[in-house]
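Asks: Can you build the whole structure from these sequences, using the hints too?
Residue numbers (our numbering), protein chains in the order written: chain A, 1 to 112; chain B, 113 to 223.
If you're looking for bench data, these hints aren't it; they were derived computationally from the structure. Beta carbons: idealized from backbone N, C-alpha and C, even for Gly. One thing to keep in mind: the hints can contain errors.
[Claimed, not checked] From the structure, some residues in chain A lie toward chain B, with a derived Cβ separation under 8 Å:
#: 1; residue: Y32
#: 2; residue: Y33
#: 3; residue: R43
#: 4; residue: L47
#: 5; residue: F91
#: 6; residue: Y98
[Claimed, not checked] Counterexamples of contact, computed for chain B against chain A with all Cβ distances above 12 Å:
#: 7; residue: P120
#: 8; residue: L123
#: 9; residue: V124
#: 10; residue: E134
#: 11; residue: S141
#: 12; residue: G166
#: 13; residue: S169
#: 14; residue: S179
#: 15; residue: P181
#: 16; residue: Q182
#: 17; residue: S190
#: 18; residue: K191
#: 19; residue: S196
#: 20; residue: D197
#: 21; residue: A204
#: 22; residue: V222
Chain by chain, the residues run as shown.
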Amino acid sequence: AQTVTQSQPEMSVQEAETVTLSCTYDTSENNYYLFWYKQPPSRQMILVIRQEAYKQQNATENRFSVNFQKAAKSFSLKISDSQLGDTAMYFCAFYSNYQLIWGAGTKLIIKP
Amino acid sequence: SQTIHQWPATLVQPVGSPLSLECTVEGTSNPNLYWYRQAAGRGLQLLFYSVGIGQISSEVPQNLSASRPQDRQFILSSKKLLLSDSGFYLCAWERTDYGYTFGSGTRLTVV
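Replies: Right, dumping it as structure tokens:
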């Protein structure tokens with residue numbers, strides 16, 4: 001069975017710093033997708049970035065980028081120039097065959 | 113444009129009362145639809161998913177049921193709510209080659 005592990009329950013950094021959230025997963029699938037979702041206090045679930053497993057190039061979306069290491073089954077999220085609005089729960093998720101498997105989440109606090 | 117709507121936003125219901133949460137998608141056809149529940153401070157638990165009208169797959173046996181009476185409508189129901197049904201419920205739509213788009217959620221409190 002697929003599993004997703006986020007080993008950092010909570011992190012905090014100063015505004016404008018760079019922060020990296022870790023995520024590892026376990027699967028025997030070769031084709032799958034990986035996602036990072038952000039859930040601010042409003043609890044709206046917002047897609048931050050996605051990565052197709054067959055693409056070697058790391059996905060980037062403005063200040064957000066990932067380090068996808070397929071062999072190591074690692075999918076970390078880097079947030080550059082962090083902003084107060086980045087404060088939220090961040091969930092890593094693995095998708096294959098209609099199943100979206102979620103990590104437990106990392107609470108990220110950006111301090112002014 | 114493609115959007116997903118979920119309502120109500122907040123609901124307080126007594127134990128034993130029925131439940132109906134509705135989710136609709138606009139701007140697409142034959143979407144894959146999902147119901148998730150999230151306990152406070154926790155990740156998401158998949159409850160049901162549907163790949164078409166009348167097709168419902170249940171992931172967790174429980175006091176809830178789901179129906180898809182129309183292509184872009186997904187309903188979560190219960191005949192008699194339990195205290196343990198309290199939580200935050202999210203409807204999601206799977207957009208091909210993009211990922212999941214979520215509704216704004218329903219905070220259900222069973223008292």
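Asks: Would you mind marking each hint as holding or not holding in the structure?
Replies: These are the hints, each one checked on the structure:
With 8 Å as the threshold, the beta carbon of Y32 (chain A) stays out of range of chain B, its nearest partner Cβ sitting at about 12 Å, so the hint is violated. About 7 Å separates the beta-carbon of Y33 (chain A) from the nearest beta-carbon of chain B, less than 8 Å, and the hint is met. Interface restraint check: R43 (chain A) against chain B, minimum CB-CB distance 5 Å, threshold 8 Å, status holds. This hint holds: L47 (chain A) has a C-beta 5 Å from the nearest C-beta of chain B, less than the 8 Å allowed.
Interface restraint check for F91 (chain A): the shortest CB-CB distance to chain B comes to about 6 Å, inside 8 Å, so the restraint holds. Look at Y98 (chain A): its Cβ gets to within about 6 Å of chain B, closer than 8 Å, so that hint holds up. For P120 (chain B), the shortest C-beta to C-beta distance to chain A comes to about 14 Å, beyond the 12 Å cut-off, and the non-interface label holds. A cut-off of 12 Å between C-beta atoms confirms that L123 (chain B) is not in contact with chain A; the least separation is 14 Å.
The claim that V124 (chain B) is not at the interface with chain A holds, since no C-beta of that chain comes within 12 Å of its own (minimum 17 Å). The beta carbon of E134 (chain B) sits about 18 Å from the closest Cβ of chain A, which is more than 12 Å, so the claim that it is off the interface holds. In this structure S141 (chain B) is separated from chain A by more than 12 Å, as the shortest Cβ-Cβ distance comes to about 18 Å. The claim that G166 (chain B) is not at the interface with chain A holds, since no C-beta of that chain comes within 12 Å of its own (minimum 17 Å).
With a closest Cβ-Cβ approach of about 8 Å to chain A, S169 (chain B) is found to fall inside the 12 Å limit, against its non-interface label. Separation of S179 (chain B) from chain A is adequate, the least Cβ-Cβ distance of about 18 Å exceeding the 12 Å criterion. In this structure P181 (chain B) is separated from chain A by more than 12 Å, as the shortest Cβ-Cβ distance comes to about 21 Å. Here Q182 (chain B) stays apart from chain A, with its beta-carbon at least about 20 Å from theirs, past the 12 Å limit.
Listed as a non-interface residue, S190 (chain B) keeps its Cβ farther than 12 Å from every Cβ of chain A; the least gap is roughly 21 Å. The non-interface label for K191 (chain B) is consistent with chain A: the shortest C-beta to C-beta separation is roughly 27 Å, beyond 12 Å. For S196 (chain B), the shortest C-beta to C-beta distance to chain A comes to about 20 Å, beyond the 12 Å cut-off, and the non-interface label holds. Non-interface status of D197 (chain B) relative to chain A is upheld: no Cβ of that chain comes within 12 Å, the nearest being about 17 Å off.
In this structure A204 (chain B) is not separated from chain A by more than 12 Å, as the shortest Cβ-Cβ distance comes to only about 8 Å. No beta-carbon of chain A is positioned within 12 Å of the beta-carbon of V222 (chain B); the least distance is around 18 Å.
Taken one by one, the earlier hints fail for this structure at numbers 1, 13 and 21, listed in ascending order.
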